[in-house]
Every structure is written in structure tokens, then in C-alpha cells.
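Number of protein chains: 2
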Amino acid sequence: MAALRIALDVMGGDHAPDATLKGALLSVSAEAKHRIEPSRLLLVGDKAAIEQGLAALGGNPGFEIVHASQVIAMAESPASALRSKPDSSIAVSIALVKKGLAGAAVSMGNTGAMVGAATLMLGTLEGVKRPGIAVAVNLTGKPVTLLDMGANTAPKAQHLVQYGLMGSVYARACLGLAEPRVGLLNIGEEEGKGTELHKEAYPLFKASGLNFVGNIEGHDIFRQSADVVVTDGFTGNVVLKLLEGFSQFMLQLVLGELKAHGASWAGEALAHVKKRVDYAEYGGALLLGVQGTVVIGHGRSDATAVSNAIGQGARAMDAQVNEHIVTGLSRAGAQA
Amino acid sequence: MAALRIALDVMGGDHAPDATLKGALLSVSAEAKHRIEPSRLLLVGDKAAIEQGLAALGGNPGFEIVHASQVIAMAESPASALRSKPDSSIAVSIALVKKGLAGAAVSMGNTGAMVGAATLMLGTLEGVKRPGIAVAVNLTGKPVTLLDMGANTAPKAQHLVQYGLMGSVYARACLGLAEPRVGLLNIGEEEGKGTELHKEAYPLFKASGLNFVGNIEGHDIFRQSADVVVTDGFTGNVVLKLLEGFSQFMLQLVLGELKAHGASWAGEALAHVKKRVDYAEYGGALLLGVQGTVVIGHGRSDATAVSNAIGQGARAMDAQVNEHIVTGLSRAGAQA
Chain W
203 MAALRIALDV MGGDHAPDAT LKGALLSVSA EAKHRIEPSR LLLVGDKAAI
253 EQGLAALGGN PGFEIVHASQ VIAMAESPAS ALRSKPDSSI AVSIALVKKG
303 LAGAAVSMGN TGAMVGAATL MLGTLEGVKR PGIAVAVNLT GKPVTLLDMG
353 ANTAPKAQHL VQYGLMGSVY ARACLGLAEP RVGLLNIGEE EGKGTELHKE
403 AYPLFKASGL NFVGNIEGHD IFRQSADVVV TDGFTGNVVL KLLEGFSQFM
453 LQLVLGELKA HGASWAGEAL AHVKKRVDYA EYGGALLLGV QGTVVIGHGR
503 SDATAVSNAI GQGARAMDAQ VNEHIVTGLS RAGAQA
Chain R
203 MAALRIALDV MGGDHAPDAT LKGALLSVSA EAKHRIEPSR LLLVGDKAAI
253 EQGLAALGGN PGFEIVHASQ VIAMAESPAS ALRSKPDSSI AVSIALVKKG
303 LAGAAVSMGN TGAMVGAATL MLGTLEGVKR PGIAVAVNLT GKPVTLLDMG
353 ANTAPKAQHL VQYGLMGSVY ARACLGLAEP RVGLLNIGEE EGKGTELHKE
403 AYPLFKASGL NFVGNIEGHD IFRQSADVVV TDGFTGNVVL KLLEGFSQFM
453 LQLVLGELKA HGASWAGEAL AHVKKRVDYA EYGGALLLGV QGTVVIGHGR
503 SDATAVSNAI GQGARAMDAQ VNEHIVTGLS RAGAQA
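Protein chains in written order, with my numbering: chain W, 203 to 538; chain R, 203 to 538.
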């Protein structure tokens with residue numbers, strides 16, 4: 203079962219190692235959304251700091267610790283950091299997957315470094331041209347899987363179609379959607395809208411065998427118009443950060459207004475809304491298309507978010523997302 | 203003063219001609235945010251319908267009516283509609299500007315048709331390579347001018363720099379910002395982030411003489427990090443529709459939650475928030491860079507939004523936005 207272990211980069215994220223260690227402990231506790239056995243977790247980072255941290259939190263329930271002597275900071279340039287820090291907790295976590303000692307790597311750290319390390323060290327799954335970052339957001343009560351959120355800022359039309367397939371596999375295997383509807387994020391509903399990329403991609407989607415529902419506009423994300431929304435990594439990254447910033451901003455605006463009206467209880471009343479729009483609740487993003495399961499959590503993650511990211515990695519592995527992607531691509535290739 | 207008149211496309215928008223006529227009447231009433239003289243408005247559309255509509259609303263206060271026998275529907279393909287309907291209210295409105303009988307054209311109708319008619323019939327201002335759609339949103343209490351929102355989905359780097367200049371001119375002349383800070387919408391703060399377009403545009407912005415503050419990420423739009431945010435028309439259009447959809451969605455989510463907590467007064471308490479995030483409140487978008495002032499209001503516009511769009515056109519003309527754009531570009535060209 204070595205392949206099903208999960209390497210957690212303890213040093214990554216704004217609140218590391220405190221939040222990551224607490225998240226690891228939460229994942230093996232009865233309160234976990236998706237409970238896993240302690241022996242499944244490999245904690246990667248400064249060994250002394252991890253041992254000390256766990257001792258302060260009540261002891262090590264059975265995690266294996268893998269030492270990594272270096273840390274890539276959140277703001278470091280990914281390419282140069284990966285070169286200058288070969289023993290970083292990110293590189294060591296990915297190396298554990300590469301060596302088959304873990305099936306998944308989970309980090310709240312530098313996204314670019316994680317994507318870079320995973321892409322370079324693990325390589326792509328058979329048939330995959332370019333990996334993509336998928337994020338499942340559940341604003342409306344039904345999850346929408348958005349991809350690519352920034353791995354590939356200048357995709358080709360075929361990459362977009364592969365994102366549609368990978369997103370569909372994920373939505374089916376991990377989110378329980380039977381026939382995920384795939385939409386192409388665009389600036390109008392009709393075929394022929396958008397840039398040359400979109401004009402080229404549209405007929406490819408139609409011929410792909412995916413449950414393609416056509417173009418999706420910005421506002422459609424909130425209307426359950428599609429279960430998988432495909433976009434280039436540039437637009438996707440802008441959209442993701444906009445969603446995050448806007449939800450925070452709107453909540454503050456609303457709370458301020460309500461409190462000005464004397465509703466001091468408003469914060470509590472809106473905790474549910476906050477939870478629904480809070481990125482941290484979703485766990486993390488999945489880098490789909492690489493040989494291994496790679497979860498990139500939000501830098502701001504608290505223990506709950508870390509635990510959700512670990513659970514997401516476990517679910518993706520257990521549901522054999524990667525195997526389904528390879529099968530799906532091979533089937534699509536045979537049809538083409 | 204013929205050049206300072208405003209042609210209003212009475213037939214454009216989801217609630218036309220009722221909302222447009224009421225908006226025109228509001229604009230000349232004491233309640234107008236930006237009051238204008240009735241003689242300044244040219245109402246363009248079906249003459250009989252306009253006369254009948256005005257009669258039902260208490261009479262014509264002094265508007266001139268210009269007959270247009272055709273209407274381009276919201277969902278029509280812009281290019282073919284412009285070809286097949288030469289006497290559409292949109293084409294006639296733009297033609298009034300072309301002939302110098304009006305300085306501005308305002309429509310809540312088909313955006314693509316309005317942009318197409320304006321670009322083809324009016325031509326660009328001296329020095330302008332490509333027109334861009336600017337929208338000023340005021341979510342945080344300080345307006346942010348976003349452009350391009352969809353006129354130019356595949357811009358070159360020089361187009362983006364011109365958008366920065368045009369947005370700055372608008373923010374200075376119409377929004378009263380002394381030294382508008384210009385940001386480039388991107389997926390990271392550092393120079394070198396983003397697509398080839400962004401990598402090429404960054405140094406051009408630095409050398410432009412604009413008050414360039416660097417790259418701006420999605421969440422920065424809510425942090426007053428820049429006064430003018432420049433992007434390609436594809437990303438801009440996605441962002442605009444996302445903002446609109448998300449604000450509506452969030453308000454519904456919050457209101458539902460508060461009402462479930464028994465706060466039946468919440469709708470009233472949040473009217474102020476609704477107003478702040480409601481696109482209709484901003485009036486409309488300005489097509490900057492064409493020879494004339496062109497305002498494209500939201501299709502859903504009610505009378506208030508129509509009146510705001512008319513006011514926006516009047517302000518842009520009175521503040522000589524186009525003259526400042528030409529001067530600014532000529533100065534930038536002399537420096538280069």
C-alpha cells in the first residue's frame with residue numbers, strides 16, 4: 203500500500219508548520235471529514251521542528267517523518283528556488299511520489315514551485331499534453347470544477363479539450379457527478395465567439411465525446427450551467443483570485459452594513475455563507491495530468507483547510523482519477 | 203452647440219422603449235444626478251412609438267425625435283444585423299454623431315452592434331490604434347476604471363498601453379482622480395509574469411510616462427491598488443460578467459441566510475450594498491478611442507441606469523475626454 207501514502211509538505215503555507223501539523227492531526231482524528239490512518243501520512247520538512255511541534259500538540263500518532271533541510275518561501279521565484287534548493291520540502295515531497303513511496307503530495311506552499319517540481323520530476327500521464335490546475339468551487343450547492351487555473355497560460359485548443367476530459371473524470375470520480383456537463387469559458391454563448399483559441403476549440407469540444415454544453419459566460423458560473431468550466435490558465439487564474447477577493451470583499455461590505463444597522467449577530471448568521479464562499483474550505487487545487495496525485499492548498503490554509511487538502515489527495519488517489527484520465531484519453535484517441 | 207447634443211437609442215435594451223423614455227425624462231428632471239436640457243437630447247427610434255410613449259408619460263418636454271425604422275435585437279449577430287438593418291436605431295444614433303448633429307450616442311442595446319457601428323462609421327481618434335470599452339466600477343468607495351471589456355479580444359502590447367492612457371484620461375477628466383494609478387491585470391505581481399503579451403507590455407508601460415504601478419491580480423480590484431486596470435478584451439469581458447453575476451449571487455445568498463435567521467428587514471438594510479455593487483448604477487460603458495462619445499449601457503437598464511448612462515455621455519463630452527486622449531497620445535508619441 204506504499205503507493206497510497208500521502209506526503210505532506212509541513213513547511214509550506216503562511217501558517218506552517220503550525221497549521222500543517224494541526225491539519226495532519228485533524229486528518230487522523232474522529233473529526234476529519236475524510237479520515238485517514240496515521241501510517242498513511244509522511245510528514246516532510248525539518249525533522250527537529252516537526253518532532254518538537256508534534257510533541258507540543260500531544261505527540262506523534264504514528265506519522266513517518268521525512269527530513270528536508272530547505273524551504274521554498276511563498277514569494278520566491280519558482281524556477282530559481284527549485285534549482286538552488288534541491289532538498290526543499292516541496293522537492294522532497296514530490297520525490298517521494300516519484301520514487302513510489304507515496305501516491306500523493308500535498309503542499310500549501312509556493313504554487314509555482316509545486317507545479318514546476320511536479321511537472322519536471324513526475325512527468326505527464328500517458329496521452330496528456332499539458333497538466334492543468336483544477337479547483338472545485340461549491341458556491342451554489344453544486345460543485346463546479348474550474349480548470350486550468352494557471353499551469354498553462356498559453357494553451358492550444360487540444361489542451362483545452364484535454365482539460366475538459368480531465369475535469370470530467372475528476373467531477374465523476376471525486377464529486378459524484380454522473381454525466382458532468384463541460385462548458386468553455388467565453389465571452390458569448392454562440393459558437394464563433396472569443397479569440398482564435400476559442401473558435402478553434404469549440405468544434406473540437408463538440409467532436410470530443412464529452413458532455414459539452416457550449417460556451418459559458420462569467421455569470422454562468424453561479425447558475426449551475428456547467429459542472430466543468432474550461433479556460434486558459436491566464437483567465438482561470440484571474441478568475442480564481444477575483445472570486446476569492448470578491449467574496450471576502452462582499453462579506454465585509456455586507457457585515458459592515460448590517461452592523462451599522464445594529465445587527466451585531468450578523469457575523470454569526472453569515473458564518474454559513476462565509477464557509478460556502480471561503481476558498482480554504484475547498485481544500486486545494488489538484489494538478490491534473492501528472493504521474494501522481496498533487497494537491498496545492500491555499501497559502502492561507504488553517505488546520506481545517508490543510509486537512510481538507512489531505513482528504514482531497516486521498517480521495518483522488520482512492521478514486522483512481524489518474525487511471526481514469528489515461529483510459530479516457532486512450533478512448534478519445536481511438537475515436538479520433 | 204450641435205456637437206454637444208446626445209443621441210439616445212430609445213429602442214435599445216431589455217426594457218425599451220419604456221425604460222429609455224423614462225430615463226430620458228429623468229435626465230431632464232430635478233432628480234437627475236447630472237441634469238441636462240431637454241433640447242440636448244435626440245431620441246432615436248420609431249417616431250410614432252416615441253410620441254405615444256412620451257404622451258403616456260406626461261408629454262414631450264422638448265426632445266427632438268429622429269425616426270429610425272429598424273431595431274437590432276439584443277441577441278442578433280452584430281455584423282449581419284448592421285448589414286441588413288441600415289436604418290436601425292443604433293446605426294442612426296451613430297450616424298448623428300458622424301454627421302456632427304450629436305456629440306454622443308447612448309444605447310442600452312446590442313453591445314457588439316454598437317461597438318461595430320461606432321468603430322466602422324466614426325473611425326478612431328488620431329493616434330488611437332484600437333478602441334477599447336471602459337467601465338468604471340465603484341465597489342470600494344473609490345472608482346476603478348477597467349478596460350478593455352471586450353472590444354479587442356486579441357490586443358497587441360501597444361494597444362494595452364494606449365488603454366492605460368485612455369483610462370487615465372477618463373479617470374482624470376470624469377472621475378476627478380489627479381494622478382490615476384495604472385495597473386496591468388496579471389497573474390502575479392512581478393515583472394515577467396503572465397503571457398507573452400503581458401511580458402511585452404510591462405516594459406512599455408514602465409516607459410510610457412503613465413503612473414504605472416505594475417501588475418495587479420484579480421483580488422487587487424477590491425483593494426484600491428490601482429485606479430485604472432488594463433486587460434485584454436477577453437479577460438476583461440469574463441471579469442465584468444463574473445463581477446456582475448457574483449455580486450447578484452452573493453446578495454441572494456446573504457439575503458436568504460439572513461431571512462432564514464428571521465431578519466426580514468435585511469433586504470432594506472442591504473439596499474445600499476446592492477446599489478454599490480449593481481452594475482446598473484454605474485450608467486454604462488464608454489467606448490474610448492472613437493471619434494465621438496459612445497456610451498453602451500447595460501441591457502437590463504432601468505430608467506435610473508438609462509439616465510446615468512446619458513449623464514455619463516454628457517460628462518465625457520463636457521470634460522473633453524477625446525481631446526485629452528488625442529493630446530496625450532501625441533505627447534506620448536513625441537516622447538517615444
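Derived from the structure by calculation, the hints contain no laboratory data. By construction, the Cβ of each residue, glycine as well, lies at the ideal position given by its N, Cα and C atoms. Any given hint might turn out to be false.
To be verified - Label pairs and their computed distance ranges (CB to CB):
1) W:GLU525 x R:PRO288: 58 to 64 Å
2) W:GLU470 x R:THR342: 23 to 29 Å
3) W:LYS477 x R:THR529: 49 to 55 Å
4) W:THR326 x R:GLU398: 18 to 24 Å
5) R:ASN340 x W:GLU470: 25 to 31 Å
Now for the hints, and whether the structure bears them out:
{"no.": "1", "hint": "W:GLU525 x R:PRO288: 58 to 64 Å", "in the structure": "holds (59 Å)"}
{"no.": "2", "hint": "W:GLU470 x R:THR342: 23 to 29 Å", "in the structure": "holds (25 Å)"}
{"no.": "3", "hint": "W:LYS477 x R:THR529: 49 to 55 Å", "in the structure": "holds (52 Å)"}
{"no.": "4", "hint": "W:THR326 x R:GLU398: 18 to 24 Å", "in the structure": "holds (23 Å)"}
{"no.": "5", "hint": "R:ASN340 x W:GLU470: 25 to 31 Å", "in the structure": "holds (30 Å)"}
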